[in-house]
Each structure stands twice: as C-alpha cells, then as structure tokens.
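> Each chain is listed here by its residues.
Protein chains: 2
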Amino acid sequence: MRIITISREFGSGGRELGKRLAGLLGIDYYDREIISAIARQNGLDEDYVEMALEKRDWQAMPLTFGRSFAGINGMQQMQTNLLVAQKHVMERIAEAGKDCVIVGRNADVLLADKKPFRIFVCAGMEEKIRRCMERASEGEDIFRKGVEQNIRRIDKARARTREILGGGKWGEANAYHLTVNTEGWDMEELALAVKEFVLRWYGR
Amino acid sequence: MRIITISREFGSGGRELGKRLAGLLGIDYYDREIISAIARQNGLDEDYVEMALEKRDWQAMPLTFGRSFAGINGMQQMQTNLLVAQKHVMERIAEAGKDCVIVGRNADVLLADKKPFRIFVCAGMEEKIRRCMERASEGEDIFRKGVEQNIRRIDKARARTREILGGGKWGEANAYHLTVNTEGWDMEELALAVKEFVLRWYGR
Chain A
11 MRIITISREF
21 GSGGRELGKR
31 LAGLLGIDYY
41 DREIISAIAR
51 QNGLDEDYVE
61 MALEKRDWQA
71 MPLTFGRSFA
81 GINGMQQMQT
91 NLLVAQKHVM
101 ERIAEAGKDC
111 VIVGRNADVL
121 LADKKPFRIF
131 VCAGMEEKIR
141 RCMERASEGE
151 DIFRKGVEQN
161 IRRIDKARAR
171 TREILGGGKW
181 GEANAYHLTV
191 NTEGWDMEEL
201 ALAVKEFVLR
211 WYGR
Chain B
11 MRIITISREF
21 GSGGRELGKR
31 LAGLLGIDYY
41 DREIISAIAR
51 QNGLDEDYVE
61 MALEKRDWQA
71 MPLTFGRSFA
81 GINGMQQMQT
91 NLLVAQKHVM
101 ERIAEAGKDC
111 VIVGRNADVL
121 LADKKPFRIF
131 VCAGMEEKIR
141 RCMERASEGE
151 DIFRKGVEQN
161 IRRIDKARAR
171 TREILGGGKW
181 GEANAYHLTV
191 NTEGWDMEEL
201 ALAVKEFVLR
211 WYGR
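Keeping their order, the protein sequence lines are chains A and B.
Just add 10 to the spot in the first sequence (first one is 1) and you have this note's numbering.
Just add 10 to the spot in the second sequence (first one is 1) and you have this note's numbering.
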C-alpha cells in the first residue's frame, strides 16, 4: 500500500496539489474527511475539532463551543483525546489497505510505521498572502497584514502540534522525501511533476 | 539559458546528483572548476581558495599558506576578494550562455538575476555519516563522532557564507524550487526523477 502524506504551509496550495495528485494517480484522498469522522464519532462540531487539533485560538474559542463548559484544563484534555481519536481514524484508513493521499493532520508522523512518501509544500510569503486573499470570499474584509499574521500563527501551531507528536521539526528538509515550492507553477503541471517523482520512488 | 543550481548538505550526495543530472540533460557541469579558475587567476593554491571561501578552519590554516604572511584581518580581506572573484567567474559562466548545472558556491544567490532553478539536497544525519565514512580512503583514521562534527561544522560555514551574501536562510524550503532527500534512493534513479521535474518546470 502506498500512502503519500502532504504537509504544507498555510496558503501554499498544498491541499490543491494533494487533491490533484490523488486524481492523477487515481487513488483516495483524505483531508477534511478525517475531521468529519472524528467529529461524528465524538458528537462534536467539525470546526471545534479542527480548532482543537490545531491548538489555536484557545482564547478566542467560546468555552461552551461544541460541548458543555470546560476550563482550560478540560480543553487540553479534550485536545489530547482528539489527537488520539485522529490517530485511530488514520489507522483505520491505513488498515483499509488502499493507496491514498492524506493532506495535513500530521499523517506523516502518525503513520510513520507505514513508511509513507512524505511531501512538504511551501511558497514564499508574498505568494501565500496572494493566494489567501484570492480565496477570501467577495466582500469579506481581509487585510494584508492580518493575512500574514494568520499564516504565521497557523504555521506556528502546526509546528507545535508536530513537536507534541514527536515528529521532529516541521518543515525541515530532512523530515520529508520531497519538498516543493509552488511559486511560479501551474498547479496541474506541478501535480504531474510530483506524480512522476513519486512513481520513480515506488518503482525504484 | 537554463542554469540549475545545487546547494547541498555535506555528505548528502548532492555533488553526485548534480553530476548525474548534468549528464542526463547533456549540459555543462561546474563544481571544482570554479575553484580552479579562481585559484589560477589569483595565483593561489586551490585548497587555500576552497578553505577561504567556506570560511572555515581559520585557526587551523597556516597563516602563510598559499601566500605571504597575513594576519586575521588580511585573511578576511582575502576572503572578500575571493568572494568577488567567485562572483566574476560565475558571471562569465552565465555570459557564455550555455545551459549548466552548478554545484555549491552559492550560485543560486550569486546568479539570482539569471533566475536559476534552485535545488537543495539533504539527507538524514546517519545517512550522511555513512556516506562520508564510505568515501574515506582505505586505512584513513576516521571516527563516527569526528565525521558528524565535521558535517555540522561545514554546513554551519555554508549557512554563514550564504547569509553574508544576502541569500536568506540556507536550507530553508522557501529559498529553493525543489528540495530532495537522497535517503533510500539509487542516485541514478533520483537523478532521473529530478531531471523529469526540472524539464516540467522549463516546459510549463
């Protein structure tokens, strides 16, 4: 079974690349589906699960959001439970034995024993800001500075979660088989290039 | 003109990859040739030029090595001169207008205006140590710990030189188009994979 994991900087286009790659390879694709499964199994709100797993916005999150009142300690306990639930969901995906692409969720660390092909996706800050601003819905108030702060905050949280899980430094070249910069690429062309690279790895 | 630059961690096999890539693409390859040109033009010893450019071993280098006595200040002046000489050699390579692969020497920074395709090559520490120990000549006294220290020292010097040249953080994903980990690859297969990736970039 071939599992390809995609870790990515916020705004780099890693999710789009992962989706296209799965399409080109004709294999399953997991991203939001993992959050949905955890939420369903635990009777929680999807957004709550996502926030809790990325360990961000503790202050901003309503304490009663998605469950009865919980203090900060309760929240940390909840996060731990959700990380365990996430690992279980991923193990079930792996047990199904079908080739797949998994975007985010520290799949590279959580499924390390399945020897996934680990990809990291990045881009320069200006490119990421541009991409985020394009993605914002029409009329949504979105300011360059806020976007940049958001990118930094989310990536910091991702790095921290990876560290908690014992996966070594997030984004460090050594931790991945392949690191690609989306800048200057047409996403479909890049997906083709990555596909060829991955097929050489499995064919070696 | 297509210039492909290869920056690499010491012991990662980046030089071998660069050589094979140039061979597969049928284009010129520069590495040691740049040092030789600088040494020849300045009437200096090649090893001296290399050491001075990597700014390492100031303490260990005989002060009279390759030229008349020079204090530490003189050495720093010499390094600056050599960095300028290096830039000139590279500009001449670029002016020749022929496609090429350049390994090391901060070519990605020095030839930034030529928009090179920038590759970074890495590997896990254990893999790099193994590669270095294999490379050591028969009977040469070489100890694991010394090898590791050497790898760290050389890479630190490379990072510092890149910083001096204003190229941003050495080894950071964003600074390159493509980062590859040589671990687990047959080098010829990896060169083929990188070749395909590069051709997609230029064909996009």
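The reader is advised that the hints may include incorrect statements.
Repeated chains share a single entry, so a pair holds when one copy, or any two copies, can fit it.
[Stated by the list, open to error] Lysine-lysine pairs mimicking DSS-like chemistry, simulated, CA-CA at most 30 Å apart: (1) Lys29 <-> Lys108; (2) Lys125 <-> Lys205; (3) Lys155 <-> Lys125; (4) Lys205 <-> Lys155; (5) Lys155 <-> Lys97; (6) Lys108 <-> Lys155; (7) Lys205 <-> Lys29; (8) Lys155 <-> Lys179; (9) Lys125 <-> Lys97; (10) Lys166 <-> Lys179; (11) Lys205 <-> Lys124; (12) Lys205 <-> Lys179.
The set of hints was computed from the structure by calculation and includes no laboratory data.
This structure is a prediction, so every number in the text was calculated from the model and none was measured.
> Each of the hints needs a verdict: does it hold here or not?
Hint check results:
{"no.": "1", "hint": "Lys29 <-> Lys108", "result": "within (16 Å within a copy, 38 Å between copies)"}
{"no.": "2", "hint": "Lys125 <-> Lys205", "result": "both (18 Å within a copy, 25 Å between copies)"}
{"no.": "3", "hint": "Lys155 <-> Lys125", "result": "between (39 Å within a copy, 28 Å between copies)"}
{"no.": "4", "hint": "Lys205 <-> Lys155", "result": "neither (35 Å within a copy, 39 Å between copies)"}
{"no.": "5", "hint": "Lys155 <-> Lys97", "result": "neither (35 Å within a copy, 37 Å between copies)"}
{"no.": "6", "hint": "Lys108 <-> Lys155", "result": "neither (42 Å within a copy, 42 Å between copies)"}
{"no.": "7", "hint": "Lys205 <-> Lys29", "result": "both (12 Å within a copy, 24 Å between copies)"}
{"no.": "8", "hint": "Lys155 <-> Lys179", "result": "both (26 Å within a copy, 23 Å between copies)"}
{"no.": "9", "hint": "Lys125 <-> Lys97", "result": "within (15 Å within a copy, 43 Å between copies)"}
{"no.": "10", "hint": "Lys166 <-> Lys179", "result": "both (11 Å within a copy, 18 Å between copies)"}
{"no.": "11", "hint": "Lys205 <-> Lys124", "result": "both (19 Å within a copy, 28 Å between copies)"}
{"no.": "12", "hint": "Lys205 <-> Lys179", "result": "both (25 Å within a copy, 28 Å between copies)"}
Violated hints, in rising order: 4, 5 and 6; the structure is consistent with all others.
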